[in-house]
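So you can see what is in the structure, the chains are spelled out below.
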Amino acid sequence: MLKKGSQNSQADKGCSMYETIKYRVENGVAWLTLNRPDKLNAFTSQMNKEIQKAIKISAGADEVRAIIITGEGRAFCSGQDLSDVDEGMNLGQKLREDYGPMMEQIANCEKPIIAGVNGVAAGAGFSLALACDFRLVSEKASFLNAFVNIGLIPDSGNLYYLSRIVGHAKALELSLLGEKVTAGEAKNIGLATKVIGVDEWNEQLKAFAENIANKPTKAIGLIKRYLEASYHLSLEEYLKEEAEGQRIAGLTKDYAEGVTAFTEKRKAQFIGK
Amino acid sequence: MNALQFIETSISDGIGYISLNRPKQLNALNRIMVREIVSNMEEFDRDPQVKVILLSGNGKAFSAGADIDEMVNDDPISMELTNQFADWDRISLVKKPVIGAVKSFVFGGGFELALSCDFLIAASDTQFSFPEVTLGVMPGAGGTQRLTKLVGKTKALEWILTAERIKAKTALQYGFINKIVAPELLMEESVDFARKIAKQPPLAVRLIKESINKAVDYPLNEGMQFERKNFYILFASEDQKEGMKAFVEKREPKFTGG
Chain G
10 MLKKGSQNSQ ADKGCSMYET IKYRVENGVA WLTLNRPDKL NAFTSQMNKE
60 IQKAIKISAG ADEVRAIIIT GEGRAFCSGQ DLSDVDEGMN LGQKLREDYG
110 PMMEQIANCE KPIIAGVNGV AAGAGFSLAL ACDFRLVSEK ASFLNAFVNI
160 GLIPDSGNLY YLSRIVGHAK ALELSLLGEK VTAGEAKNIG LATKVIGVDE
210 WNEQLKAFAE NIANKPTKAI GLIKRYLEAS YHLSLEEYLK EEAEGQRIAG
260 LTKDYAEGVT AFTEKRKAQF IGK
Chain V
-18 MNALQFIETS ISDGIGYISL NRPKQLNALN RIMVREIVSN MEEFDRDPQV
32 KVILLSGNGK AFSAGADIDE MVNDDPISME LTNQFADWDR ISLVKKPVIG
82 AVKSFVFGGG FELALSCDFL IAASDTQFSF PEVTLGVMPG AGGTQRLTKL
132 VGKTKALEWI LTAERIKAKT ALQYGFINKI VAPELLMEES VDFARKIAKQ
182 PPLAVRLIKE SINKAVDYPL NEGMQFERKN FYILFASEDQ KEGMKAFVEK
232 REPKFTGG
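Going line by line, the protein sequences match chains G and V.
This note's numbering puts the last residue of the first sequence at 282; the count rises by one with no breaks.
This note's numbering puts the last residue of the second sequence at 239; the count rises by one with no breaks.
Each hint can be trusted.
So the derived label-pair ranges between C-beta atoms look like this: (1) G:243 / V:70: 40 to 46 angstroms; (2) G:119 / V:176: 26 to 32 angstroms; (3) G:113 / V:229: 53 to 59 angstroms; (4) V:206 / G:244: 42 to 48 angstroms; (5) G:215 / V:129: 54 to 60 angstroms; (6) V:49 / G:148: 53 to 59 angstroms; (7) V:-9 / G:239: 35 to 41 angstroms; (8) V:129 / G:272: 56 to 62 angstroms; (9) V:126 / G:160: 46 to 52 angstroms.
Note that these hints are calculated values from the structure, not bench results.
C-beta: ideal position from N, C-alpha, C; glycine also.
Assemble the whole structure, with the sequences as input and the hints as a guide.
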């Protein structure tokens, strides 16, 4: 109990230490809102670091069982703030120092992460949405793999995730043509989990996240872990890992509760452990 | 024996457990702690109940390294007189197999302790590193020697000079750990592995470990002679007679350790 208390205060403390994002925890959901609306929530180094920190804190806080990343104002995230880079900048170094660590933090987080794509997601903002487990997309939102339009390649894990989500051919098409993808098309190609009307946006985003937050969080983390592992293993190796994963799930309190609730014909009350 | 300050020990099912127990300091090793580890390894080595030793760390990490506070004011003469590394030398004299179960940070002295084990089972989140160079020093408890013997000069020099963090997958690839397991199952899998070794005839295990260690240090011909002598010695054991008899009779052997 003491441990939980200290983690609570850690997540709470999180609220006041950010300048480029807003962070709050409500009903088991950590809301991470990119907060540079006058710049369409474009990335600066500081924002990279603050997202990384907020994800790390959320991953370690017991009371957080789902994470939403969304944007303040009319955009989700327009990508790198170009006023924060100059032409002479070593872009490799920029990625290694700012974007790589943020993307790894997101990839290592075993809690479900939902991108609430409220508006345009362009460039690295598109990549950020791709790194999430779900993309709930506002009907007025759009995606843009803008990199090619300024002579660059999609970065921050973009091609890695995009090809897995939409397939090789579509990933190439979006990356080479650099054209806008509407919410409706995003749904058609499997990029959007769901398209939501503007009027219902807040309510539906919240409901989706809170529903996930009430599921067996540890099992969700294991599903994420082993699905990712499957891409790097032979079937034989994967089946060995899968057995480890199921052993871990079988030791959770939520599994015990799930089985008990099933035999008692009632709805399971999961605690995430 | 004095009460243990920095480790916990127990014996169960042929396995002698030693757990580093300074979790708040991420099991940073101080001199008394090292002495406790080594003395208890030696005690287990002489205890007929113990077939294999399992070393692990309580809390988040295996060990984040040596206790720097303890060394800040040292000078060469004080270190020569303290002779702290003499304790470390005794680890390599332990005859029974030592399994290290490692996780999270395995840095500096913690990495050297891990490299002193015969087997390493690592949680998938394990990171190894020798950060000594960033403090203006170098590994002093066998790091430059043991790592180099395990992985060769090329990578040992690179890792020790850059202080780079080595992930579990890389460690497996370079062959200085035996296995990667999910963090949640580190102890369960390590105990399973320890049980497998504990089931083998102890005298054969002992002489195999001794012979393989010689292969690292001896010229081939000397090593071959050493191996041969150990091979002959095993023919004086009861387990050799039982093992071969069981094989001929097509049944499972019952080893007694004699």
